[in-house]
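Number of protein chains: 2
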Amino acid sequence: MQELLNASFEKLKTKNEQAFNEFYSAAETGSCKKGEVLIPVNSICRKLYIIESGIIKQFRYKEDGSEHITWFGFEDDLVTAYTSFVTQKPSLEGAEVIEDIKYTAISRDTCYTLAAKYHAMETFFREMLEIYYITADERLFFLQALTAKQKYSYIQKHHPEFIQRLPQKELSSFLGITRETLSRIRKYS
Amino acid sequence: MQELLNASFEKLKTKNEQAFNEFYSAAETGSCKKGEVLIPVNSICRKLYIIESGIIKQFRYKEDGSEHITWFGFEDDLVTAYTSFVTQKPSLEGAEVIEDIKYTAISRDTCYTLAAKYHAMETFFREMLEIYYITADERLFFLQALTAKQKYSYIQKHHPEFIQRLPQKELSSFLGITRETLSRIRKYS
DNA sequence: GGATACATGTGACAAATGTCAAAAACGAGT
DNA sequence: ACTCGTTTTTGACATTTGTCACATGTATCC
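Those sequence lines, one after another, are chains B and P.
Quick note on this note's numbering: the first sequence kicks off at 1 and runs consecutively.
Quick note on this note's numbering: the second sequence kicks off at 1 and runs consecutively.
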């Protein structure tokens, strides 16, 4: 995700430095330790996070109370509970730290205010959403069209960092399979 | 999807009627019969379609050559192979008519030109994408978190028109299950 | 550096869903 | 209203993946 997004950031800076500066001066930084909750489930999400270092997981609860992971955020990734961020309804999705993170955060208000004020900023957000959408679309394909083994191969090929840096417990939840199944797939590949 | 999108259209018209008019005067209309291909797989998608009447399916091919449906387009829905529309790479996704359609189409060039020219139009596209994203997000939840039966119940509740208006063959592909399984689920519910 | 908690691996078995083949039902076109 | 082609239903069986229980391995914190 990063490269495309960085390109959009660069473009914003070039097209309207004023907007870019306002965006960054409105940002605050922070950090969270492993296991801490960045975005609670059922809360209204009012921030957009840029992960500077570390890893977070985004997840939901199934009907039976178990969790399933929807995406991971690594360095330079943008993270928010987008649906809640947009609708301002309580989020079904939460975010929790897997590996200590440092982040930069910008409030939703600032985002929307700047988007209304600067055309270039609106363009930036549209491009950001395009990237978000493409990511979700890729994931849809991956979940719907592949078997457990194929999913693992797909991740090996397209997101090797997931395999290198994530605990199997989290990875299996993301793949939509059990830990045992993942363990068995790994044994033979 | 329609209601939210119509609200965005209204807003556009109010905020900048000139932009709204340019958008509509650049649009062309057309129609397609059942079985015809609106967006071929592997083509570069350069149009945004608004379905005026009828139904289309959007689909991909799995590795084994079978198809899986990613979404349906009904009256007032916007349809495009978004990933290809954005990246201008050949589309993995295609669109085919399930029930004769009438559509309005706008070229990608016009969309991006108007978005660059009018801030209000850029806002409209951002909002459109937000809706697209939320739809994809809902689908992700639905595919990852639910069993075959739960998926069917979910659709009964949230998209009853899918059950009323779509052949089971297409619906099962959308649900990510076989026709046989769908037929059995229906038998007991 | 040992105790304790947490993560991963393995086996036996169960459940859900898929596959294949055939029959029944439905529908469009004449 | 009949025919041909498509869609849906049904049954028997295969496969994939999940569940549960427990063993093994690894990390963390005093």
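Hints may be right or wrong, so weigh each one.
[Unchecked claim] Lysine to aspartate or glutamate pairs mimicking DMTMM-like chemistry, simulated, CA-CA at most 20 Å apart: (1) B:K62 with P:E138; (2) P:K34 with P:E96; (3) P:K62 with B:E138; (4) B:K149 with P:E138; (5) P:K117 with B:E138; (6) P:K33 with P:D64; (7) P:K33 with P:D76; (8) B:K89 with P:E22; (9) B:K151 with P:E67; (10) B:K149 with P:D64; (11) P:K89 with B:E63; (12) P:K149 with B:E63.
What the hints contain is simulated information worked out from the structure, not anything from laboratory work.
For clarity, every value in this text was computed on a predicted model and none was experimentally measured.
Now for the hints, and whether the structure bears them out:
At most 20 Å may separate the alpha-carbon atoms for a hinted pair to count; K62 of chain B and E138 of chain P meet this at roughly 13 Å. With a C-alpha separation of about 8 Å, the suggested pair K34 of chain P and E96 of chain P falls inside the 20 Å cut-off, and the hint holds. With a CA separation close to 13 Å, the supplied pair K62 of chain P and E138 of chain B stays within the 20 Å bound. In summary, the hint linking K149 of chain B to E138 of chain P is not supported, as the alpha carbons are separated by about 25 Å, beyond the 20 Å threshold.
Restraint check for K117 of chain P and E138 of chain B: not satisfied, since their Cα atoms lie roughly 31 Å apart, outside the 20 Å limit. For the given pair, K33 of chain P sits about 28 Å from D64 of chain P by alpha-carbon distance, which is inconsistent with the 20 Å threshold. For the hint pairing K33 of chain P with D76 of chain P, the CA-to-CA distance comes to about 18 Å; that is within 20 Å, so the pair holds. In summary, the hint linking K89 of chain B to E22 of chain P is not supported, as the alpha carbons are separated by about 34 Å, beyond the 20 Å threshold.
This hinted pair checks out: K151 of chain B and E67 of chain P have alpha carbons roughly 17 Å apart, not beyond 20 Å. As the CA atoms of K149 of chain B and D64 of chain P are separated by approximately 14 Å, the hinted pair is consistent with the 20 Å bound. Restraint check for K89 of chain P and E63 of chain B: the C-alpha separation of about 38 Å exceeds 20 Å, so the hint is violated. For the suggested pair K149 of chain P and E63 of chain B, the alpha carbons sit about 13 Å apart, so the restraint of at most 20 Å is met.
Going through the hint list in order, the structure does not satisfy hints 4, 5, 6, 8, 11.
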